[in-house]
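Model the full assembly from the supplied sequences, consistent with the hints where possible.
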Amino acid sequence: MAGGLYDIAEPGESQVKAPCPPGMTSRAIGIDLGTTNSLVAIVRDGKPEALRDGGGDALLPSAVRYRADGPPVVGRRALAEAAAHPVDTLISVKRFMGRGPKDAETTRRFTPYRFASEEGPVVRFAVAGPGGGREVTPIEASAEILKALKARAEEELDGPLDGAVITVPAYFDDAQRQATKDAGRLAGLEVLRLLNEPTAAALAYGLDKRSEGTFAVFDLGGGTFDISILKLTGGVFEVKSTGGDTALGGDDFDRALAELLVKKDAAVEAIPPRALLATARRLKERLTTEARVEDEIAGHRLAVTREELDAAIRPIIERTGPVCRRALKDAGLTAAQLDGVILVGGATRTPAVRAYVEELFGRAPLGDIDPDQVVALGAAVQADLLAGAPREDVLLLDVIPLSLGLELMGGVVEKIIHRNSTIPCGARQTFTTYADNQTGFDLHVVQGERETVDQCRSLAKFQLKGIPPMAAGMARLEVTFLVDADGILQVAAREETTGIEASVRVKPSYGLTEEQIEQMLVDSYEYAEEDLKRRMLAEARVEAERILAALTGALAVDGGLLSADERAAIDGVAAGLRAAVAGEEHRAIRERIEALDLATKTFAERRMNRDIAEAIAGQRVELVEKTVEHAKGTAEHEARAAASQPESHPQHEDR
Amino acid sequence: MDMKKTYFDVLGIERVYDVDRAELEKRYLDLSRQLHPDRFARASAKEKLASVAKTTELNDAYRVLKDDLKRAGYLLKLAGFDLGDDRTAPKVDAMTLMQIMELNEELAEARAERDSARVSALAGRVRAAREEAWGVVEGALREGGAEAMRRAAQAMMLMRYHDRFLEQVDAYEGATAEGVH
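Protein chains in written order, with my numbering: chain A, 1 to 655; chain B, 1 to 181.
A few of these clues could be false.
[Said to hold, decoys possible] The list that follows gives simulated cross-link-like pairs (lysine-lysine, DSSO-like), each with its CA atoms no further than 30 angstroms apart:
| id | chain 1 | residue 1 | chain 2 | residue 2 |
| --- | --- | --- | --- | --- |
| 1 | A | Lys-231 | B | Lys-48 |
| 2 | A | Lys-601 | B | Lys-91 |
| 3 | B | Lys-66 | B | Lys-26 |
| 4 | B | Lys-70 | B | Lys-91 |
| 5 | A | Lys-231 | B | Lys-70 |
| 6 | A | Lys-102 | A | Lys-533 |
| 7 | B | Lys-4 | B | Lys-70 |
| 8 | B | Lys-46 | A | Lys-181 |
| 9 | B | Lys-26 | A | Lys-231 |
| 10 | B | Lys-70 | B | Lys-5 |
| 11 | B | Lys-91 | B | Lys-66 |
| 12 | B | Lys-70 | A | Lys-533 |
| 13 | A | Lys-231 | B | Lys-66 |
| 14 | B | Lys-70 | A | Lys-329 |
| 15 | B | Lys-66 | A | Lys-415 |
| 16 | A | Lys-329 | A | Lys-231 |
| 17 | B | Lys-4 | A | Lys-47 |
| 18 | A | Lys-102 | A | Lys-181 |
| 19 | A | Lys-415 | A | Lys-329 |
| 20 | B | Lys-91 | B | Lys-5 |
| 21 | B | Lys-4 | A | Lys-415 |
| 22 | B | Lys-26 | B | Lys-48 |
| 23 | B | Lys-91 | A | Lys-533 |
| 24 | B | Lys-48 | A | Lys-181 |
| 25 | A | Lys-329 | B | Lys-66 |
| 26 | A | Lys-415 | B | Lys-48 |
| 27 | A | Lys-461 | B | Lys-48 |
| 28 | B | Lys-48 | A | Lys-147 |
| 29 | B | Lys-26 | A | Lys-209 |
| 30 | B | Lys-70 | A | Lys-415 |
| 31 | B | Lys-26 | A | Lys-47 |
| 32 | A | Lys-415 | B | Lys-91 |
| 33 | A | Lys-415 | A | Lys-533 |
| 34 | B | Lys-4 | B | Lys-66 |
| 35 | B | Lys-26 | A | Lys-329 |
| 36 | B | Lys-46 | A | Lys-461 |
| 37 | B | Lys-48 | A | Lys-47 |
| 38 | B | Lys-4 | B | Lys-26 |
Derived by calculation from the structure, the hints in this document are not laboratory data.
Now the structure itself:
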């Protein structure tokens, strides 16, 4: 497996680079494309800084308002006009990146949007536009935000840019990463790299504080949550593990508070969703410093205390707990072994979040770099490194957040690349045919941690066709997964005996709802036993069907070796196995397989003896060897069917 | 087996089971600094591709070699025993398989009865057996030679059954722990 696989050319020393001497300003930018706010930063005189708009604001609200009579309006103005134009103003559009109309985001409460279509792989909003309206995708809306940031940077640097690093939540899956990269291209940016947000924060933090040790970055933004465990040593930023939830953030606090207000006074429900959420958000922000706030809502005076807010959002905050514990476990660490916890993201300003983090990690978190800016600052540092000022001492080693795999017979997932593998990475695995004369393979690429395909996210489906008819198990399908430095996957498949090939740049097929993904992320632990049962059932079924098919074939050819009674006995046991396959009990299937093995023992022996006799008669030593090998295989198979059988399908390359 | 570069070649270390961890990490980081795609962001498309390819190979090699179990499995693969391939994986003898089968049955019973004490007792036995098998693997890999390699491969195959068993124990314990919550 080593070597050869990816040999293309030696990386030469003649890299084209325009080094940026110290004391100069880099023309490469770092962008934090956030759910609620976005920022752009550059490195000036060796230090990263966020760029401000004419009014002195670094934060650009991630809001885009589409109009019938002009180009879209982006940022603070769009946000200010949002209540008046709820349908045409897209806010928190990041939540829809890489998602389809069937995903749960589109059916949440307090969503004012009009969706153009129920079908297709990508969400489409129906908004105002010239000639009565237009449809836009989240990618296009994100591109508008990126264009505004790009314009800000071009004005500051007085000319064209040298490329951009755009940050993404570490837990973004392949579809979400692709969508972000597409948005960058659509905005006319050269996307040098997609960088994970917690890694960007660690980069800014580590370089600024000259920190060494192992840190957890707890990043709770407007709509996404990430936890990354990193080791910082001598300029190396090595991500040990990562975890998260791409649908959990400060937005959810606003929703919880809105629901609380509705509960306090039913009249509140009459307020349009957008306005209600804005009110909730304002109250939440005031409660960061005040213990009790009052406001005029729907003509009533309503009061909310910090305690009430804390109680309402506690269940949301607690969803971060299992995610953090798993990340620590994946890194092989305990909370006590950490050197610090770094807070990132605007939602970590909420006192209840800080308290929970302290409780969870048993230490007060660090937050002395502005949690709103630190991601953009780190992205600027990385952009500077990539575009022209490579520093020998700085090295970022990031990981893939979710396992990547293929669907096997019976809907079982075979993981090809495991979560938390350092990227770029690759893996190759060999599979074989299940049925005789099978002339094609259906390849279904999925992402997630669960054992069965219906509980992972479907990324792509493709086919490898034109394989000449062969006996089951003869074809050898070699599948290669490659994940690049942006965390984006490419899959190639090749049938070894014929050399037939196919490959895809994985584009999403959206097999899963957001709800299912959330479940998948949070409670894969809880479902472990159920998963295992499902997997064992699927494996037992495949095994049983293979044995039944082999038996049917053998009976068709050599049925004459059996008496009528013997034949009836075998048919009876085989029928029993078929009945068990239709059931849901893997143990029942295993028992019947054993019974069938026993019932067919004499038949198998007679066939073997006859083969050997024929072979010896024909003096074909070669065939004798083959037959003996086959017999050994049969005995081995019996033993394996009896014990719980490890790894029947895949041909692992390394472990 | 192919004659291509091994993971040991990729990292430039000697092909033995006992590797010097600090040396391995140092080589990995040194090579990463030279080859990582971050250093080739503005290079030609060809060089970019080459950098990704080389770094992929390096990351794959390091992932396998830094882990004792994976390194052992890889050494056996180089010696002709690919444990993931039915055609080259050695067989575990029938007696041992019978014992595992019995343990599996006992575990299934204990799980069905929610007898946690019995589950952890069984797990203890299997963990001890796994430790013993691992001792055989390490000993045989240090010894070297075709016969020792076969012995190591057999013991590693046996460990797969142990791992499968312990996975089921984990699933049971995970499920019961969540239940208490």
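- prompt: Against the structure shown, which of the earlier numbered hints fail to hold, in ascending order?
  reply: 17
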